[in-house]
Every structure is written in structure tokens, then in C-alpha cells.
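Asker: Below, each chain spelled out in residue letters.
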Amino acid sequence: MEIAAEAVIALVKIAVVLGVVSLVVAYLTYLERKIIAHIQQRLGPMRVGWHGLLQPIADGVKLFLKEDIIPDKADKVVFVIAPIMVLVPAFVEYSVLPFSSTFYITQVNIGIFFILAVSSLGVFGIVMAGWASNSKYSLLGALRSAAQMLSYEIFLGFSLIGPLMLAGSLNMQKIVEAQSDVWFVFYQPLAFVVFFIAALAETNRVPFDLPEAETELVAGFHTEYSGMKFAFFFLAEYANIMVTSSVAVTLFFGGWKGISWIPLPGFVWYALKLGAIIFVFIWLRATLPRYRYDQLMRLGWKFMFPLVMANIFLTGLVKYLFL
Amino acid sequence: MELVFFYLFAAGIVGASLLMVTRANVIHAALSLVLAFLFMAGLFVLAGAEFLAGVQILIYAGGIMVLYLFSIMLMNVGVAVRLRQWHRQSALALAAALLLAAEVWVVLGRGGYPAAQAWSWRLGQTPGNVEALGQVLYTKFLFPFEVASVLLLAAMIGAIVLAKRQITR
Amino acid sequence: MFEVESSTRIERSSVMPGTEELIINMGPQHPSTHGVLRVILRLDGETVTDCDCDIGFLHRGTEKIGENITYTMFIPYTDRLDYIAAPSSNLAWVTAVEKLFGWEIPMRAHYIRSLVAEFSRISSHLLWLATHALDIGAMTVFLWCFREREMVLDLFETAFGARLTVNAFRLGGLFQDVPQKFLDLSQEFADLFPGRIGDYETLLTDNRIWLQRTRGIGVISADDAIDLSLTGPVLRGSGVRWDIRRAEPYAAYPYLDFVVPVGENGDVYDRYLVRIEEMRQSTRIIQQCLAQLPKGPVSCKVPRTIKPPAGEVYHSIENPKGEFGFYLVSDGSETPYRVRIRPPSFVNLGGLKKLVLGGLVADVVAIIGSIDIVLGECDR
Amino acid sequence: MVPLTHYLALGAILFLIGAAGVIMRRNAIMILLSIELMLNSVNITFVGFARQWADLTGQVFAIFVIAVAACEAAVGLAILISLNRDRSMVNVDEINLLKW
Numbered sequence: 000m001e002i003a004a005e006a007v008i009a010l011v012k013i014a015v016v017l018g019v020v021s022l023v024v025a026y027l028t029y030l031e032r033k034i035i036a037h038i039q040q041r042l043g044p045m046r047v048g049w050h051g052l053l054q055p056i057a058d059g060v061k062l063f064l065k066e067d068i069i070p071d072k073a074d075k076v077v078f079v080i081a082p083i084m085v086l087v088p089a090f091v092e093y094s095v096l097p098f099s100s101t102f103y104i105t106q107v108n109i110g111i112f113f114i115l116a117v118s119s120l121g122v123f124g125i126v127m128a129g130w131a132s133n134s135k136y137s138l139l140g141a142l143r144s145a146a147q148m149l150s151y152e153i154f155l156g157f158s159l160i161g162p163l164m165l166a167g168s169l170n171m172q173k174i175v176e177a178q179s180d181v182w183f184v185f186y187q188p189l190a191f192v193v194f195f196i197a198a199l200a201e202t203n204r205v206p207f208d209l210p211e212a213e214t215e216l217v218a219g220f221h222t223e224y225s226g227m228k229f230a231f232f233f234l235a236e237y238a239n240i241m242v243t244s245s246v247a248v249t250l251f252f253g254g255w256k257g258i259s260w261i262p263l264p265g266f267v268w269y270a271l272k273l274g275a276i277i278f279v280f281i282w283l284r285a286t287l288p289r290y291r292y293d294q295l296m297r298l299g300w301k302f303m304f305p306l307v308m309a310n311i312f313l314t315g316l317v318k319y320l321f322l
Numbered sequence: 000m001e002l003v004f005f006y007l008f009a010a011g012i013v014g015a016s017l018l019m020v021t022r023a024n025v026i027h028a029a030l031s032l033v034l035a036f037l038f039m040a041g042l043f044v045l046a047g048a049e050f051l052a053g054v055q056i057l058i059y060a061g062g063i064m065v066l067y068l069f070s071i072m073l074m075n076v077g078v079a080v081r082l083r084q085w086h087r088q089s090a091l092a093l094a095a096a097l098l099l100a101a102e103v104w105v106v107l108g109r110g111g112y113p114a115a116q117a118w119s120w121r122l123g124q125t126p127g128n129v130e131a132l133g134q135v136l137y138t139k140f141l142f143p144f145e146v147a148s149v150l151l152l153a154a155m156i157g158a159i160v161l162a163k164r165q166i167t168r
Numbered sequence: 000m001f002e003v004e005s006s007t008r009i010e011r012s013s014v015m016p017g018t019e020e021l022i023i024n025m026g027p028q029h030p031s032t033h034g035v036l037r038v039i040l041r042l043d044g045e046t047v048t049d050c051d052c053d054i055g056f057l058h059r060g061t062e063k064i065g066e067n068i069t070y071t072m073f074i075p076y077t078d079r080l081d082y083i084a085a086p087s088s089n090l091a092w093v094t095a096v097e098k099l100f101g102w103e104i105p106m107r108a109h110y111i112r113s114l115v116a117e118f119s120r121i122s123s124h125l126l127w128l129a130t131h132a133l134d135i136g137a138m139t140v141f142l143w144c145f146r147e148r149e150m151v152l153d154l155f156e157t158a159f160g161a162r163l164t165v166n167a168f169r170l171g172g173l174f175q176d177v178p179q180k181f182l183d184l185s186q187e188f189a190d191l192f193p194g195r196i197g198d199y200e201t202l203l204t205d206n207r208i209w210l211q212r213t214r215g216i217g218v219i220s221a222d223d224a225i226d227l228s229l230t231g232p233v234l235r236g237s238g239v240r241w242d243i244r245r246a247e248p249y250a251a252y253p254y255l256d257f258v259v260p261v262g263e264n265g266d267v268y269d270r271y272l273v274r275i276e277e278m279r280q281s282t283r284i285i286q287q288c289l290a291q292l293p294k295g296p297v298s299c300k301v302p303r304t305i306k307p308p309a310g311e312v313y314h315s316i317e318n319p320k321g322e323f324g325f326y327l328v329s330d331g332s333e334t335p336y337r338v339r340i341r342p343p344s345f346v347n348l349g350g351l352k353k354l355v356l357g358g359l360v361a362d363v364v365a366i367i368g369s370i371d372i373v374l375g376e377c378d379r
Numbered sequence: 000m001v002p003l004t005h006y007l008a009l010g011a012i013l014f015l016i017g018a019a020g021v022i023m024r025r026n027a028i029m030i031l032l033s034i035e036l037m038l039n040s041v042n043i044t045f046v047g048f049a050r051q052w053a054d055l056t057g058q059v060f061a062i063f064v065i066a067v068a069a070c071e072a073a074v075g076l077a078i079l080i081s082l083n084r085d086r087s088m089v090n091v092d093e094i095n096l097l098k099w
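Here the protein sequences line up with chains F, H, U and B, keeping their order. Just so it is clear: in the first sequence, position 171 is 170 by numbering that gives the first Met the number 0, and no numbers are missing. Just so it is clear: in the second sequence, position 59 is 58 by numbering that gives the first Met the number 0, and no numbers are missing. Just so it is clear: in the third sequence, position 358 is 357 by numbering that gives the first Met the number 0, and no numbers are missing. Just so it is clear: in the fourth sequence, position 19 is 18 by numbering that gives the first Met the number 0, and no numbers are missing.
No lab work stands behind these hints: they were computed from the structure. Don't be surprised by glycine CBs; every beta carbon is placed ideally from N, CA and C. Just to be clear, a hint being listed does not mean it is correct.
Claimed, not checked - Here are a few chain H residues that face chain B, going by a calculated C-beta distance under 7 Å: (1) F5; (2) A10; (3) G14; (4) A46; (5) G47; (6) I58; (7) A131; (8) G133; (9) Y137; (10) L151; (11) A154; (12) A158.
Claimed, not checked - Below, in silico cross-link-like pairs of lysine-lysine (DSS-like), each with a Cα-Cα straight-line distance of 30 Å or less: (13) U:K294 x U:K180; (14) F:K173 x H:K163; (15) F:K301 x H:K163; (16) F:K135 x U:K63; (17) U:K353 x U:K300; (18) F:K318 x H:K139; (19) F:K135 x U:K180; (20) H:K163 x U:K353; (21) H:K163 x F:K135; (22) H:K163 x U:K352; (23) F:K72 x F:K173; (24) F:K173 x F:K318.
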């Protein structure tokens, strides 16, 4: 009986989180279009609803009703599985994020490690999509993204080690608790810079959007996709932005903890911080050109890798000497 | 409950592995193997090895298998699929494998293993598996750990030397 | 012996080539080939080992059409050559025909022609900057450039009633004088535009990623550029100070003061800088034209039927893309005997192979952008 | 509580599948993949024993096995790629000379 009740509560929580996340992800596309439009001194979507507020829904309907084309020479099974393989890990990661002190789906003691592990699966979908499409542009895009995501996953993981050393736990809730006094971004600025750059690369955002660089590879790995399958890739990208921003909030900006003299509920603080970081993601997209593939790798291995190693060393030294 | 999940995962692993061994297309085989690894990670969580489950997904599925896929894509799979897939000694090998299976069956059937012991921590609680594993890894097994790192370095250099297009002499 | 080999062939995987060269078709539907250009790239990994341009998807036989219609009727066809800078093409044609006649054009017409030609240069360079930046991934520059290009097109609309294919000039001068509103708006634009160029430069010129993507990419030396008969900003980017507005002045250019900017290294970045500076110089020319604009008629006396004397003439002008010339043979009838177009994009595209070899796919995109082609005049 | 024999049986089955794959397949990549499966079957038995005796040694060894698997994959794939490039072959029964 007890197990059944627990299961029901868990399912309700999952449903709530998935629902909210799907909605937020859909509106993230709207937000991105609006923000970029205003940076570029135009209006963006205006037609559907007040100031285009229903645009994501119209987009969803359009994508849903669109013809779903599977290329003749494609590997059908892999082609169909690939978008699912991209979307599912992105949503699974929400299961361990602490949205407030009381609201989370579950807590595991390998919390942040779980997120890293699951996010490493996202690359499969991309590689599968690129290979199964049987198109040269897709394959080039897939190879690029495989190399890019594998490399930057390393920097992403290593950049988190500094804050984790300070927190002394992998559990997301404990990491937040450890930042009661000072956010880790002040202790670990170097780690945050590396984390943010690696996060941009992991989510294939400008200036690291090489896998889907439309002006070079048409659309990279999802060139051959259409309809709902294409929407899956699209949603996955934004869901990944949300997750990486959430990780940044949790590890560097004190999670749901706010300033003590302003009485706001935890999840509001969380949403505010999340929004700020996502805004920077969008802002960068409107500002920066794109790196070249070899320059991206050089930046990673010759600049960020030594930096993040030095950060771990320094953190360890300080912790050993003074704490 | 635990047993049900065990059977679920075990069935998944065995099914995916069988799929892997029999596929003609190497990419399909590699993807089946990834599926097997994911089920295996579930099994590890069941056995109280959460950290290992994470490592399994992060390193095995997310790292090694991507490396495989990457290499397979660099080669031309299209032609290889149309070639003969099996050795001529397959029947013999199958017979040997079945013989080995029978042997394992006999050995396992003897039983007589000591009774199970409980972990000193509970599942899903901190300090738990990660802390304990770290403690053991960096004290008792420090030397093997270092050796493993040297091994990885050697493998890395070896792989680069082997795969590099031209080695200037 | 041989037959045994071939019968067991399917058994051996040696039918499988080890490393295959990847051949990709860039275009004619690729987003960054700027029109219907097809570039066949042979890749080793992502390094370009060979490059072949396939052109002609937009071929309309413009030269042949020119031989069958009168000199006046051909002016709108020149709009469709370099459609990004249509008045420049008009200017090339009308000046070529006028040279054949040896007509004297009123000063006011000369000044207005220079003014409009510089506007078309700005419009062309804005479109180039927009797409070039977008190719390298900078998205905002694209829309900012289009904002200003819109103003230039509005100016064309005010003066000539059309925005893209404006059919701006007539043989012997202009169809009618430009309205005062056009001159006022031009002044407004000329005062505003230098600041806007500064905006673009803020986003690009010192941007580290932009520098990494353009510096040292697609380098061509001055000698090579001359050997390939490249013209326009591509030639000037390599450090050759060659501008037909200076070398063989036409329209009002002898009376105008401007600098011909040149680059040093001949890479994508220098071509970018040259064009940015050219936009500044164009604004200067526009300011001067507006200040010095003489009063008077805008057309010389033109006969009702245009029958030039028999003979031949070659006349070229400095189009935004390079040397744009017409070679005309007249047999004394109402239609030309031969029209030959010297298109800058077509000739500059010939240098593409030399520029991209050894680069990466991403560089190809940057280099095509820096050559600034328009397929209308390339395919003719 | 899952009995130890279950883990051992599962490990054995996987090992057999992997071994069969190694012996029976011609494609060298398939052989490497089968070897990965065999290594993992060993991991399962390690984890099973660790569970039985509540001793972390088994898990530590599983981690070492994964490290070794990573090395094996990297070197194996490097050999395969250079073979594929220079001799254009992937099937092991064609690689029948020690030296070219």
C-alpha cells in the first residue's frame, strides 16, 4: 500500500515536471525568437495571439501535421529511433534536479554524476541521425558533433569537480545547502567560465553550433528530418539548454536559495536565475560568429583543459591547506 | 520486487546481446550493445553500485561506444554488410560454447555460497556508495589505480601512433 | 589464376576501399553559395583537396538577346545581370553605348549617375556583408545590414520608381531629373550611414572569433591575383591599388575626391576591411556629389532612332564586384552586331580553386562569401 | 535480495554469447564488440560478489575493468582503422600474415 502511494506521488511529480518543462521548452523557442528579434531591431513573431504568444502552439501544430519524410536510402529503424534517443536523455535529467527545497522528483546520491552520465547519451541520437540519414552533410555533421561533444563533455565534467570538492557531495540538494553563505561562482570563477563555454558546446549553441551550421552543412545531422522528428531534435536542444542552465544554477548560483531578506519561494528564485542564464545563451547567439572545427578543438584542448586542471589543483591545494 | 527488476534487466541484457552478436550491420550491433550497457547500468543500481552504474553509462555507453560508432563511420560499412558474416568454423564454435554452458550450469548448480551480508549503508542515502568507493579506491587500491592511469596513457599514445596517417621518420 | 581470384571476390573485403575521398556537392541549393552556384568539393576528412565550380544554372543568353534588340531595350536586361547593384550595370551599358556615339553628357547627369552608382555600391556591399557574416555565423549583422539596405532601396524607389531592377539610366543621360525628396533623403542617409558602419564593425572587426575565421584564410598574393585577372575588392585586398574609377575615370569621378583602400595580406579579413572602407568612401562620394551637384539638363540631345556608327568599343566601369565591361560591335543598324559582357563575378570565381585548396569546408564558405559573387552576371 | 547464483548465471550467459561472437564472426569490429560484452559479463559477476559480501573490492575491480576496456577499445580501433586504411580489410580471416 505504502509503495503504491509512493509510486502515485512519484508519477504525479513526474507528470508535473514533464508538463511544465515541455511548456517552458516550447516557450523558450518563442523567447529566443523575441529576444533575438529585439536585439536585431525587429519585432519577431507578432501574428498568432497577443505579441505572437501562441506562436509555439501554432508551430507545434504545424510540425505535427507536416508530412513525415523518411528518405528512401535511409536506415529506417535507426532513423526513427534517433530523435527519441536525443529527446529522452534530455528529459530524464530533470528527474534529479532540485527545483526547490521540497520539490524534486527524486534525490540520488550520485545526482550530478547521473546528469553527466545521462547527458553523455545525447550524442548517440545525433550520431545515429547523421549516419542513418545516408546523406553526406548529415554524416559530416554527425562526425563533427561526436568529436565536439565527446571532447567538451570532458571539460564540462572536470569544471564541475571544483565546486563538487567544495560541496563534498554529489547530491544536488547537498550542493545547494553548501552554498548557503556564498555562491560557488565566487569561489570558482574559473570553473564557471569553463563550464559555461563547455555548456555552449555541449548544447550546440553559437559560437559552437558547428554540427548544425546551416551555412556550411545545410543543417548538419538533422538535414533529412521533417515533421515531428525534426521537432524532437528542436525540443531536445532547448531541453538541454534548460538542463545545463539548471546545473549552472545549482552548482554555481546557489540553486533555489535566494537573498534572505527578500521573501520569495525557492522555485521562483530558481526560475529567475535560470532565466538569467538562458538569456545569456540567447544573447550570445545574436552576437557571435561561429568557430571553425579545428579552432574549436584547439580552444578546448589547449586552453580550457589546462585551465580546468589548474582550477582543480588550486582548489585541492586551498582545501588541503586552509580548510 | 528486486527480483522482478533483476529478471527484467537480465532479459534486456541477454536479448540485446543476442541481437548484437547476430546483426550483419556493425552499426546496428554497436547500438544493440549500447542498449545492453544501459540495462546493465540498471542492474548495477539494483546491486547497490550506483557509482559504477554512472561510470557504466558515462564511460562505456557515452565514451567507448561513441568511439566505436565514430570509427565505424570512418570505415565503409555499406560493403561489409554484403560480405559473408560468419566463419566456416561457426558450427564447431557453437558446439564448444554449448559445452562451456553445460559446464557453467553444473558449477553454478553446486551452490554452497556463504550467506549474503548487508551493506553498511542504505541505498539512496548519503554518505553512501560514492563516498565508500572513493575511500577504498584512494587508500587500499591506490597503487592499482595509478597503474590503471599509466595504462590509459600508454593506450592513448599507442592509439595515436597507430591511427596517425603518416609518421615522419 | 585470375579467374580464381575473381570468383572469390565477394568473399574478400578488398572490394572495400580503405579511405574514400568524400565528394560533396555544395549547391546549387546550398544556403551559402549565394545563388545557384554548384561547387564540387573533394574532401579528405574536412580538408579540401579539389574544387570544381559548376556554373550556368542561371544562364539566360543575355548576350544573344542583346544582339536582337535595340540599344535602349537592352538597358532593363542589364538590371538582371548584377541584380544586387542594378544601376552599376545600367551605367556600364549606357556609358559603353555613349562612348560608341561619342556623345557629350550634361554634368548634372554625370553627377547623378555617380551618386546612384555609389548607392548601388553601398547596397551591394551591405548585402555582401550581411550574407558573409551570416555564413560565418554572425546573425545580427545580417539584419542590421538589411535595415540600411532597405533605406537605399527606398531611395531608388523615390528616384526611379523601382527598388531592385531600377532601370535607372537612359542613353544620353537620365529619363528625368531626380526629385528633391531623393536628394534630401540621400543627404540624410549619408549623414547617418558612417555611424551604422561603426555598428557593424563593433560586432565584427575586433571580434576574436571573426579574426580567427578570416585572418590567413583564402590568401592570394598580388601577383597571383593579377595573373588570374581578378578585379575589384578581391584584387585590392591583395594590395593592388587598381580602381577603374581612378584608372580610367568615367561619369563624375574625375571631379570627386576619394581614397582607394587596399589590403596587405590578401586574405578574407583584408577583403572584408577593403569593402568596409569602400562603403565609407562611397558615403564621402555621395556627400561630395550632393554638395557639388550642378544645375542644368539631365540629358543630351538623343535622336529618336538610335543608330550608332559602325565600329567597336570596349568600356568598363568599377562595379561593386570588380571590373564590369561591355564589348560592343555595331554594324550601323538599330541592333548591336555583338554584345560581350565582361562579368566580374565570373572572372573572380575562377580564383576560387586557388583560394580554397588545403582549407576546410568552413573556409570554403568564408571564401565564397569574401569573393562576393552574384550569379546573375556570372551565368549571364 | 537477488541470490548470487543469478548474477553468476547472467554473467556466464553473457560471457558465452560474447565468446560465441568472437569465435564465429568474421568482422573485426564485431569481434571487438563481443570482447566488450565479455568484459562486461565479468563486471556483472564482480558486482554480484561485491553485493554478496558487502565488500567494495568487486566494484573497484569493475572500475579497473572498464579502464582496461577503454584502453582495449582505443588501441583495437586504432589498429583496425590503420588496417582498413592501408589494406582495406575488416575481416579477420584475411589478416593472415604476421608482417607485410
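Asker: Would you mind marking each hint as holding or not holding in the structure?
Answerer: To see whether the hints hold, each was checked on the structure:
no. : hint            : result
1   : F5              : holds (5 Å)
2   : A10             : violated (10 Å)
3   : G14             : violated (10 Å)
4   : A46             : holds (4 Å)
5   : G47             : holds (6 Å)
6   : I58             : holds (5 Å)
7   : A131            : holds (6 Å)
8   : G133            : violated (10 Å)
9   : Y137            : violated (10 Å)
10  : L151            : holds (6 Å)
11  : A154            : holds (3 Å)
12  : A158            : holds (4 Å)
13  : U:K294 x U:K180 : holds (16 Å)
14  : F:K173 x H:K163 : violated (45 Å)
15  : F:K301 x H:K163 : holds (19 Å)
16  : F:K135 x U:K63  : violated (39 Å)
17  : U:K353 x U:K300 : violated (49 Å)
18  : F:K318 x H:K139 : holds (23 Å)
19  : F:K135 x U:K180 : violated (53 Å)
20  : H:K163 x U:K353 : holds (28 Å)
21  : H:K163 x F:K135 : holds (24 Å)
22  : H:K163 x U:K352 : holds (28 Å)
23  : F:K72 x F:K173  : violated (50 Å)
24  : F:K173 x F:K318 : holds (18 Å)
Checked against the numbered hints above, the structure violates hints 2, 3, 8, 9, 14, 16, 17, 19 and 23; every other hint is satisfied.
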